[in-house]
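A.B. asks: Use these hints to put chain B onto chain A, whose structure you have.
Taken in order, these protein sequences are the chains called A and B.
So the first sequence is residues 1031 to 1287, counted in this note's numbering.
So the second sequence is residues 1031 to 1287, counted in this note's numbering.
A couple of the hints might just be wrong.
Any copy will do: because identical chains look the same in the list, a pair fits if it lies in one copy or spans two.
Unchecked claim - Capping the alpha-carbon separation at 20 Å, the derived lysine to aspartate or glutamate pairs in EDC-like fashion look like this:
| # | residue 1 | residue 2 |
| --- | --- | --- |
| 1 | 1097 | 1132 |
| 2 | 1097 | 1181 |
| 3 | 1122 | 1231 |
| 4 | 1173 | 1090 |
| 5 | 1066 | 1101 |
| 6 | 1176 | 1132 |
| 7 | 1175 | 1090 |
| 8 | 1067 | 1132 |
| 9 | 1176 | 1133 |
| 10 | 1176 | 1090 |
| 11 | 1097 | 1281 |
Worth flagging that the hints you see were computed from the coordinates, not collected in a lab.
Here is how the chains run, residue by residue.
Number of protein chains: 2
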Amino acid sequence: MLPTNFRANIRSGKHQTHTSGFCQNYVQANLVILPKKYAFDFLLFTMRNQKSCPVVEVMEAGQFQSKYAKDSDIRTDIPMYHVYEHGELVGKKMNIKEVWRDDFVSFLIGCSFTFESQLIRGGIPLRHIEENKNVAMYTTNIKTKKAGVFDGPMVVSMRPVPDSLVQKATEITSLFPKMHGGPVHIGDPEKIGIQDITKPDFGDFVGIKEGETPMFWACGVTPQAVAQHANIPFMITHSPGCMFVTDWKNEDYLHEG
Amino acid sequence: MLPTNFRANIRSGKHQTHTSGFCQNYVQANLVILPKKYAFDFLLFTMRNQKSCPVVEVMEAGQFQSKYAKDSDIRTDIPMYHVYEHGELVGKKMNIKEVWRDDFVSFLIGCSFTFESQLIRGGIPLRHIEENKNVAMYTTNIKTKKAGVFDGPMVVSMRPVPDSLVQKATEITSLFPKMHGGPVHIGDPEKIGIQDITKPDFGDFVGIKEGETPMFWACGVTPQAVAQHANIPFMITHSPGCMFVTDWKNEDYLHEG
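Only chain A is shown next, with the shape it has when bound in the complex (with noise of 0.2 Å):
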């Protein structure tokens, strides 16, 4: 499906989930919406951070329309959005339109959804998208660099990789730093911090085999899990695997700069 028909569809409340898995060959986005009082907190918060926050795209204030999605609206196109109050999440909505405001700064953040389609191709399993599951992520004890109000700990995304193939994960990944790049972490879930790998804070657990390890990459949720550690008054948020899919092709962004 091409993903200007996949937004339509998300618009008018046909797909109402995560969308891994869908649109492959096109990059997705993590959003984070803040009043432009933040926005240079975070811009910095980004910079400082940009394994887990690799800035594919900064709108204007009060800009809805996104460069690299035609006829795009962020405050439609997104199947479900959290709204964020001091630090509390206080709503899901599936638009924004009566919230939105003109002083509101969008920033489109790289997702590790786009380099999904580079480790199928390179003959990695990835069994949530074999199962139509979202990706589990888990907030850890990595603590992210701080800017301004923003301070907090990273999250991260979990796949289980066999064993063989962890190291070519590990290299494929690596190519990609404008979307996560390499692992932040391989093996052990409690060395950063995760108690229970069953049970993930954000998305879904697909179970580690024997002879798999599971692997961590740096995730474009980070910011919500910041948000609340530093009681950011407003900010609004993509639901964790609910993206912004654009019409820009993987390659096509791989290659840039």
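C.D. replies: Only chain B this time, still in chain A's reference frame:
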């Protein structure tokens, strides 16, 4: 001389001119100081214009010590500052302690002086250094990419290079994207809107001899031209050529990230 001693000389008024050719093994940086209100627009401008504005460090609002320069003070450690109000250069100051405010955000931006030591090692003669002069800088007709209120022309530095070494100088500087990278133009100055090459907008003209080609690199003075073009209400910068000298060795910076 060590940067810490050089900065002390600047602070005490012993060194009052440009810094070209001084502390050649250490990273020098352009300075832009803005009220936090404009910091987001400017940081976005640097992201969209990395060739002219490669960011070395962004300090938090009110912070005046660079993490790359021990015991430094950004308010005193530059030989000459420019103060802009509503697009006009309204003052030149030897220090800015009296006008400093807690909402000032300081940006350090990569400088071509850093790649000059690499050019010299590569056998490229640099006449402005041989003659202890400032490099010649020109406002061009090359447009920058707008971000918020920031919009305007690119400023370039010019070095005359022997024809046979133009390719080598291009190759050497292209290796250093974080300090302006390869040239933005080679040859005819009129093609980038420079009417009289003998009259630079900033710095000193050192002649272009028979058998030499003028080479132009994006320059960290660009924000000053942009501030003037866009009527930015308030901005402080270094005076062109009078840079902030860090303790960071060129080699370490070059191989960072």
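A.B. asks: None of the hints should be skipped; say for each whether it holds.
C.D. replies: Checked hints:
1. Taking identical chains as interchangeable, the C-alpha atoms of residue 1097 and residue 1132 lie at most 20 Å apart only when both belong to the same chain, with a minimum of 18 Å there against 36 Å between chains.
2. With identical chains, the CA atoms of residue 1097 and residue 1181 are at most 20 Å apart between copies only, with a shortest distance of 19 Å across copies and 29 Å within one.
3. Taking the shortest alpha-carbon separations for residue 1122 and residue 1231, only the intra-copy value of 16 Å comes in at or below 20 Å, while the best inter-copy value is 55 Å.
4. For a Cα distance limit of 20 Å, the shortest separation of residue 1173 from residue 1090 across copies, 19 Å, qualifies, whereas the shortest one inside one copy, 29 Å, does not.
5. With identical chains, the CA atoms of residue 1066 and residue 1101 are never at most 20 Å apart, being 24 Å at best within one copy and 33 Å at best between copies.
6. Taking identical chains as interchangeable, the C-alpha atoms of residue 1176 and residue 1132 lie at most 20 Å apart only when they sit on different chains, with a minimum of 19 Å there against 27 Å within one chain.
7. Within a single copy, residue 1175 and residue 1090 get their C-alpha atoms only as close as 25 Å, which misses the 20 Å cut-off; across copies the closest is 13 Å, which meets it.
8. For the homomeric pair residue 1067 and residue 1132, the shortest alpha-carbon distances inside one copy (12 Å) and between copies (16 Å) are both at most 20 Å.
9. In this assembly of identical chains, the alpha carbons of residue 1176 and residue 1133 lie at most 20 Å apart only when taken from different copies (18 Å versus 24 Å within one copy).
10. Proximity of residue 1176 to residue 1090 under the C-alpha cut-off of 20 Å is restricted to the inter-copy arrangement: shortest distance 10 Å between copies versus 23 Å within a copy.
11. Taking the shortest Cα distances, residue 1097 and residue 1281 sit within 20 Å of each other inside one copy (17 Å), while across copies they are farther apart (37 Å).
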